[in-house]
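Colleague: Sequence:
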Amino acid sequence: MFTNLPLLSLLIWFPILGGIAVILNGDNARTRPLSLLISVITLLLSICLYIGFDNTTHQMQFAEQASWIATFNINYALGIDGFSMPLIILTAFSTVIVVIAGWEVIQHRANQYMAAFLIMSGLMIAVFAALDAILFYVFFEAMLIPLFLVIGIWGGPNRVYATIKFFLYTLFGSVFLLLALLYLHHVSGSFSILDFHEVSLSMQEQIYLFLAFLIAFAVKVPMWPVHTWLPDAHVEAPTGGSVILAAITLKIGGYGLIRFALPITPDASMALDWLVIGLSLTAVVYIGFVALAQSDLKKLIAYSSIAHMGFVTLGLFIVFRIFANSSTGSGAVLAVEGAMVQMISHGFIAAAMFLSVGVLYDRMHTREISAYGGVINKMPIFGGFAVFFAMANAGLPGTSGFVGEFMVILASFQANFWYAFLAATTLILGAAYTLWMLKRVMFGEVANDNVAQLTDINRREFWMLASLAIIVLLIGLWPAPLTAVMHASVEHLLTQISQSKL
1 MFTNLPLLSL LIWFPILGGI AVILNGDNAR TRPLSLLISV ITLLLSICLY
51 IGFDNTTHQM QFAEQASWIA TFNINYALGI DGFSMPLIIL TAFSTVIVVI
101 AGWEVIQHRA NQYMAAFLIM SGLMIAVFAA LDAILFYVFF EAMLIPLFLV
151 IGIWGGPNRV YATIKFFLYT LFGSVFLLLA LLYLHHVSGS FSILDFHEVS
201 LSMQEQIYLF LAFLIAFAVK VPMWPVHTWL PDAHVEAPTG GSVILAAITL
251 KIGGYGLIRF ALPITPDASM ALDWLVIGLS LTAVVYIGFV ALAQSDLKKL
301 IAYSSIAHMG FVTLGLFIVF RIFANSSTGS GAVLAVEGAM VQMISHGFIA
351 AAMFLSVGVL YDRMHTREIS AYGGVINKMP IFGGFAVFFA MANAGLPGTS
401 GFVGEFMVIL ASFQANFWYA FLAATTLILG AAYTLWMLKR VMFGEVANDN
451 VAQLTDINRR EFWMLASLAI IVLLIGLWPA PLTAVMHASV EHLLTQISQS
501 KL
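When the letters of the sequence shown are read in order and numbered with the numbering used here, they come out as residues 1 to 502.
Be a bit skeptical, because a hint or two may be false.
To be verified - Mimicking BS3-like on lysine-lysine, the simulated pairs with C-alpha atoms at most 30 Å apart in a straight line are: (1) K165 x K378; (2) K299 x K378; (3) K439 x K378; (4) K165 x K299.
Just so you know, the hints here were simulated from the structure itself, not pulled from any lab data.
Using the sequences plus the hints, can you model the full thing?
Modeller: So, in structure tokens, the structure goes:
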């Protein structure tokens, strides 16, 4: 029904052009309704992808291609599979939430603020849909510009420091990505990402390319030790910036490893899996302890995000150990699907957590945990949502936060008992810093006069949080619709990486 429509181009260019229209409209009463309308239409278009998606094939669907720079054989090539489609829907949904979240809060240059997120939405969708390496790289870099501006203009007092640090880290990684893509073009004669998957490379070539991909995408995830930009960016970013940063930007790192590192350099990935597994487990365990020591709500959630994203990279790279220890690929399928579910789940939960902090910050203008206490006494409805999202973040069974982590831990047992043991410590550490935060912020007696004057969430905030709560609960209780769309793509990826290119 929808396969004959240029849905991917519509999903990319409609919000971008819509964002430009919002800027040209000026900062007036039409800014917010127009932005919401554009974001909702984009979300509906993304749902059409799900409706028209064929779960039984790993082939790229909704494909579009046109010549872009013919001299260098660079094409405007788009297509999606089971890895990219859920991330596109997550991007479109998050943009709607961000527009609603900034409805009353952003009073300064609201049209530019809304436009930045709309344009960013289109650019991020393009990253997930691009099948040409240069097209991917252009959008990969371009999506950072509106996020850079959002933090730099609407951020906190140290926003200049945070944006420069963010820029330098991402630029450092991007240089290695560009070098890798140019080399692959040199050996393949094409910029098609799917052609890259078929190219034959020596072990030395694979190792150099793998390290380039790892550096580029590890910064985005972010993996320890290139993670230090993230807490600073979160603390200084406005609520909407934190939501998009956690929900979408970090996922591009995991997606890049799936799309480039694993299928293009499978032998190097296998040879160096110990490196990624070690860094992933360090993020899960060490960063969990770092989160325990935080006094700022946003920093605590930011470090929590780093620990949770460690499950993504762990799930992607334990597959080689599973192949070595098992004659079947069921554990490997579980690991990769668990990593994908964790990415999607974390997108919704982290967005909800940062929105909850934003609700408190809008009223109290502080993120220091010591400034709160007994909030649930004055904001019972909000308190219910905050406790639910915090428990989901800690991996409570029945929520989406449990599903991805459980799948990766279960798969880890087939790789190595100690991998599973160390990964499972997140259930203890996550509960520790989450319950400690809830105790100090939500429960007990009303701590001070500022807390005593708090008012509960309004209708806009209620539906914003309720929509996220429903999705987190739905994925937690019924993840099958999510895993079904990625299953064929996961099996194809595992077939690719199990076949040596040497």
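Colleague: Each of the hints needs a verdict: does it hold here or not?
Modeller: To see whether the hints hold, each was checked on the structure:
This hinted pair does not check out: K165 and K378 have alpha carbons roughly 38 Å apart, beyond 30 Å. Simply put, K299 and K378 have alpha-carbon atoms about 24 Å apart, close enough for the 30 Å limit, and the pair holds. Our distance criterion of 30 Å between C-alpha atoms is met by K439 and K378, whose separation comes to about 15 Å. Between the alpha carbons of K165 and K299 the distance comes to roughly 16 Å, so the proposed pair stays at or under 30 Å and holds.
In summary, the one numbered hint that this structure violates is 1.
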